[in-house]
Amino acid sequence: MLENGELVVDAVSHCFNHADDNHLHPHAQRWDDETYELGEQLMPEEYVFPEEIFYRNHQPEELERLLFLESQIDYSVYHSLPLDDYFKDGYVSREKGFELRERNPNRMGMIVDINPLEDDAVEQVEYYAKKKDVDGIKLYPSRYQNGRDLSMQLNEDTVRPVLEKAADLDVGTVGIHKFIPFATAPVKYFRIDDVEEAALAFPELNFEVIHAGFSFLEETVFAMASHDNVYANIENTAHMACSRPKKFARSLGEMLYWAGPDRIVFSSGATALHPQPPIDAIWDFEMPEDLRAGEDYPEVTQADKEKILGKNKLRLMGKDPEQVKKDIQGDKWDQKIQELKEKGEYPAPPWSTYEEATDEASKERVKFV
Amino acid sequence: MSTEVTDHVLPTTEFQSEVKREVKAELEAVLDPCSCMSEHPISIVELGLVDDIEWDESSGTVTVHLLLTSQRCTYFLDIDDEICERVGELSAVSDVEVHQVTSGEIWTADRMAEDERHARRQRFEQRIEEAGITPYAERSE
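So the protein lines, in turn, are chains A and B.
If you read the first sequence in my numbering, its first letter stands for residue 1, the second for the next number, and so on.
If you read the second sequence in my numbering, its first letter stands for residue 1, the second for the next number, and so on.
Bound conformation, chain A alone (with noise of 0.2 Å):
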């Protein structure tokens, strides 16, 4: 929560598996190395993670003490991952983000993965929907089969049938992975073309383009601006309020202009990353001045800064901040926040929740590291 009483939602975390016998591919371990390295290039040096704690196989309460002990983060929307194509689990498994649901029904979402070319793929999206009462679904832009890249844009046959009944089941948001290329997909597949289609075919649904502001800046802002269902998920890009912080500036400043502060949601992606910094960054932030003489960008107020921080994404998601509030009040994240708030040490030191890894899979990976 912040200083001022308003809370902080994150729109992405994940539970992921760096444990040596979870790869499946060849790029699976180049995949490892270049998230770890991604937190070594935009965390300050304090938050850059131990290696025997970042190759692991996270569990889910290592990520719920991250988040609500390390962090001001009051509630955290969990999104699985299709990467089953590279790892045995799909990176970030579902079972996780259902576990870390069940343990903390006031403080966490739930996204899940659906994967397009499963021949029960749309009966999947009603399962989740209706069973498992999902607050949205996950996909990827492209999948790696039988050794080649498939494109899995929005506006194909393959992905239309599972948008369809996301939008009768009334699912409300599609999370898409752009900006942010990987293995050996073609990088026209993390355009945003395919968006801005499936936005105007879907109007009931609302697209959040994670990574947003890392590329494609230009069609991202156009997106947004055309289109009123389509946000920008800042994972990552958030990550560079403290570490590129003129990028970022330019980032937010054509968002703001173009498309305005109710249109942007922050999210830590932890446990690829450390979730305070951003925080404290966004928090912080101020427009340089160069940029809002030269750009016309707007200045950043404070009342900007609690939408992005959290309350656009609980608006996306129906919920009313001042139920999460008296939900929240007096859980046992709250009695521990409140210990350590006594002793002063809130949010927790970085990665001084995390134990000694317990399974051997992981513990056999950091012999290596």
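Chain B stretches covered by chain A per the calculated footprint, using a threshold of three residues with CB under 8 Å from any CB of chain A:
# : segment
1 : 73-84
2 : 105-114
3 : 126-136
Hint data in this document are derived by calculation from the structure and do not stem from the laboratory.
Think of the CB as a built atom: it goes at the ideal place given N, C-alpha and C, for glycine as much as any other residue.
Following the hints, position chain B against chain A.
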């Protein structure tokens, strides 16, 4: 080793060394893979990716320093291959090395060639105008 120092290499950058001029001409033909997906491909020089060109006459080695738009750019290997192929064909060059700058310096749009930056912005603003979009900042005033 050449001692010419450049901030970063742009189409307007001039080199005294003939080999560097030839290298720069080859680099101007290497297109940024991301821009190739748009209607307006631009070269890695116009995009401001080329941080420096080094020429070691004694060994015939050219080293091209690239500052990528993202350190995670997965197309570095493609750019690397094309640079090595093109520059390696120059008669004075016996070896080509491509080095990814990881000094902590960040690529921003300011590094683009000014003409290209303005042209890109004009295309964006034209598209916005054609779509009839009023910026939020102006709507709320």
